[in-house]
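**Student:** Chain by chain, the residues run as shown.
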Amino acid sequence: EAGVTQFPSHSVIEKGQTVTLRCDPISGHDNLYWYRRVMGKEIKFLLHFVKESKQDESGMPNNRFLAERTGGTYSTLKVQPAELEDSGVYFCASSHLPAGTEAFFGQGTRLTVV
Amino acid sequence: GENVEQHPSTLSVQEGDSAVIKCTYSDSASNYFPWYKQELGKGPQLIIDIRSNVGEKKDQRIAVTLNKTAKHFSLHITETQPEDSAVYFCAASGNNAGNMLTFGGGTRLMVKP
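Protein sequences appear in the order of chains C and D. Counting in the numbering used here, the first sequence runs from 37 upward without gaps. Counting in the numbering used here, the second sequence runs from 1216 upward without gaps.
Chain D on its own, in the form it takes in the complex (with noise of 0.2 angstroms):
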């Protein structure tokens, strides 16, 4: 099956800077990437979702890149503010009918103000 690394599992940065979190997957049948962000006592919400046809994807602050061939895609996060602060997870689904989720270990991001 699906196994997801990611990196780091804890980050953190002065407020302004970027953040990158990387993640590689295993199967190569993936085809589903999103990103998932936890604030404390609530559950994991979508910020960015990336699919295989696609190399990059933005949307204002956050952007993820795919490297089909690498097996490996990264969430880039500019110009980072306090309430960026949260637990970040990468995931992959590949082409079954569920669309189930294997998800990476996390990485606790910490902006310091």
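So here's chain C without its partners, still in its complex pose (with noise of 0.2 angstroms):
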């Protein structure tokens, strides 16, 4: 069985540029979590998808990111336009309804704004 699946595995862009993180979770999974760790602090909660729907965005920083999952499949995450605080590694994970059970990370997706 395939893991969560994250792509790129590394961006680097300029202040100012918009960039599209992609996340496929574990097929059947329709719990879908964003996660980013900012600068070797903890890592910290983004947003919450069951299955095409937000659960809970609480933790998105500003209405300069934006997440999508389309027919509840794979996510995108939206960063316009990026700023130099943004750089981190985002990580999606992914776990069977209901909520409670294991959640699977991705590898990750390490973002340099310059």
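If you are wondering where the hints come from, they were derived from the structure by calculation, not from laboratory data. Backbone N, C-alpha and C define an ideal beta-carbon position, used for all residues, glycine too. One thing to keep in mind: the hints can contain errors.
Heads up, incomplete: computed chain D residues facing chain C, CB under 10 angstroms, no partners named [stated by the list, open to error]:
| id | residue |
| --- | --- |
| 1 | Gly1256 |
| 2 | Phe1304 |
| 3 | Phe1318 |
| 4 | Gly1319 |
With a Cα cut of at most 27 angstroms, we get these calculated BS3-like pairs of lysine-lysine [as the list claims (entries may be wrong)]:
| id | chain 1 | residue 1 | chain 2 | residue 2 |
| --- | --- | --- | --- | --- |
| 5 | D | Lys1283 | C | Lys80 |
| 6 | D | Lys1283 | C | Lys114 |
| 7 | C | Lys87 | D | Lys1257 |
| 8 | D | Lys1252 | C | Lys80 |
| 9 | D | Lys1327 | D | Lys1237 |
| 10 | C | Lys51 | C | Lys87 |
| 11 | D | Lys1237 | D | Lys1286 |
Which residues of chain D face chain C? A few of them, derived with a C-beta cut under 7 angstroms, are [unchecked claim]:
| id | residue |
| --- | --- |
| 12 | Gly1258 |
| 13 | Pro1259 |
| 14 | Met1315 |
| 15 | Arg1323 |
| 16 | Met1325 |
| 17 | Pro1328 |
Put the two chains together into one complex, using the hints given.
**Tutor:** What follows is the structure, given as structure tokens:
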């Protein structure tokens, strides 16, 4: 069974540009989460999808971040326009319903904004 | 909201020794406490978890203990090996619909051969 897959693994963009990160969850997992780790600090929650619906987006830092999960399969996280403080590692995780089951993480996308 | 503190931030042990990492949490409603291991270039991988109705759980060389009264939980690794070297994260999750995880700051464990 394929794990959670994230694309790209690395991205270097200039301040003001747009970047789109993609996450393919484990097949059949209805829960999909985005987290990020900035500058070696703790991993912080960004948002949670159940199928195609946003269940909780309380962790999204501001309106420059837009997440979608069309059709309840893969998800994208767009940052537009990117700022220097957006640099970090963005993780995607997925799990079965109901909530409370083990979450499997992808390898992460390292985003560097210069 | 929940706040998770993790100590130490770095830990260096000799191969064969034990390693202990401690975490405290603030929300008494939290009831699920997983531990993740992150190796270089990889995502966090669940190594063990414990729920609030259990005080201790063991899986071969790793064990986790939970003290709900004091709101702290610990990871114990015995007979450490060089391949145990990684960053370890504790996390807590409350009784919320989404099971969102709140992570500690991570511990970089180095096992010297």
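**Student:** Each hint: holds or not?
**Tutor:** Hint by hint, here is what the structure shows:
no.: 1; hint: Gly1256; result: holds, 7 angstroms
no.: 2; hint: Phe1304; result: holds, 6 angstroms
no.: 3; hint: Phe1318; result: holds, 4 angstroms
no.: 4; hint: Gly1319; result: holds, 6 angstroms
no.: 5; hint: D/Lys1283 - C/Lys80; result: holds, 23 angstroms
no.: 6; hint: D/Lys1283 - C/Lys114; result: violated, 39 angstroms
no.: 7; hint: C/Lys87 - D/Lys1257; result: holds, 25 angstroms
no.: 8; hint: D/Lys1252 - C/Lys80; result: holds, 16 angstroms
no.: 9; hint: D/Lys1327 - D/Lys1237; result: holds, 21 angstroms
no.: 10; hint: C/Lys51 - C/Lys87; result: violated, 32 angstroms
no.: 11; hint: D/Lys1237 - D/Lys1286; result: holds, 11 angstroms
no.: 12; hint: Gly1258; result: holds, 4 angstroms
no.: 13; hint: Pro1259; result: holds, 5 angstroms
no.: 14; hint: Met1315; result: holds, 5 angstroms
no.: 15; hint: Arg1323; result: violated, 10 angstroms
no.: 16; hint: Met1325; result: violated, 16 angstroms
no.: 17; hint: Pro1328; result: violated, 26 angstroms
In this structure, the hints that do not hold are numbers 6, 10, 15, 16, 17, in rising order.
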